[in-house]
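K.L.:
FYI, my numbering numbers position 40 of the sequence shown as 40, with every residue one higher than the one before it.
No wet-lab data here; the hints were simulated from the structure.
Predicted model, so just to flag it, every value in this text is computed and none were measured.
Each hint can be trusted.
Below, a list of computed lysine to aspartate or glutamate pairs in the EDC-like style, where the Cα atoms sit at most 20 Å apart:
| # | residue 1 | residue 2 |
| --- | --- | --- |
| 1 | Lys56 | Glu76 |
| 2 | Lys94 | Asp117 |
| 3 | Lys94 | Glu76 |
| 4 | Lys118 | Glu194 |
| 5 | Lys54 | Asp20 |
| 6 | Lys118 | Asp102 |
| 7 | Lys118 | Glu108 |
| 8 | Lys150 | Glu26 |
| 9 | Lys94 | Asp40 |
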Amino acid sequence: MNWNQYVLLVIDVQNDFTNDIENPIEKMDYEKRLTRLMTDCRNRNIEIIYIRGKYKKDKSDWLNFLQYNNHPVLVEGTTGFEHEKYVNELNNEKVIYKQTLDAFINTELNSYLKSKDKKFLFITGFSTSVCVHLTMMHGIQLGYWTCMVKDCCWDEETHQNNIISMYKNMIINIKNHDELFKEENYQIWNKMIEGNAVRPGLKMNE
1 MNWNQYVLLV
11 IDVQNDFTND
21 IENPIEKMDY
31 EKRLTRLMTD
41 CRNRNIEIIY
51 IRGKYKKDKS
61 DWLNFLQYNN
71 HPVLVEGTTG
81 FEHEKYVNEL
91 NNEKVIYKQT
101 LDAFINTELN
111 SYLKSKDKKF
121 LFITGFSTSV
131 CVHLTMMHGI
141 QLGYWTCMVK
151 DCCWDEETHQ
161 NNIISMYKNM
171 IINIKNHDEL
181 FKEENYQIWN
191 KMIEGNAVRP
201 GLKMNE
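Take the sequences, apply the hints, and build the full model.
P.N.:
Laid out in structure tokens, this is it:
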């Protein structure tokens, strides 16, 4: 199987958001799942791109009313800005910083993906209902195929479930990390990339 046109996006796995996982067992389980997925991607030569929010202390690049849980987030130089150690990039892995909730806005993400001929995005990270969702929807509108890796995304349970129920039969793939590399999924997704299949769940009128 040739995974050269696939890429893994790891979005905002930074302390301001990961500290919201109050249950230490749940936090450890999330780390194990994402770490395993990253290892599986590296073993298949699937490029990993880390998306991280970054804002200046002087507020010059802040979004209007930017705050999370009543405090500023992802401010450079704070502990909340720091990413989790398990998402440390390797020497050849790319990091893209953003100042919006959407990894495509005012960043090099789209031009970089095009330069590498990437067509299919596996999307993970925080938070499902905000940055993951907005990045995924923008990617779809730019013509990328996408798959939300459900158990490697995180949000409050009701928020995550709402996003999944809204879009699962519409325009996105949703899989758990241990489903991604099955032969049947690879064949379906490659047909999508080649233009020989319609989007999942789409029924053509007879």
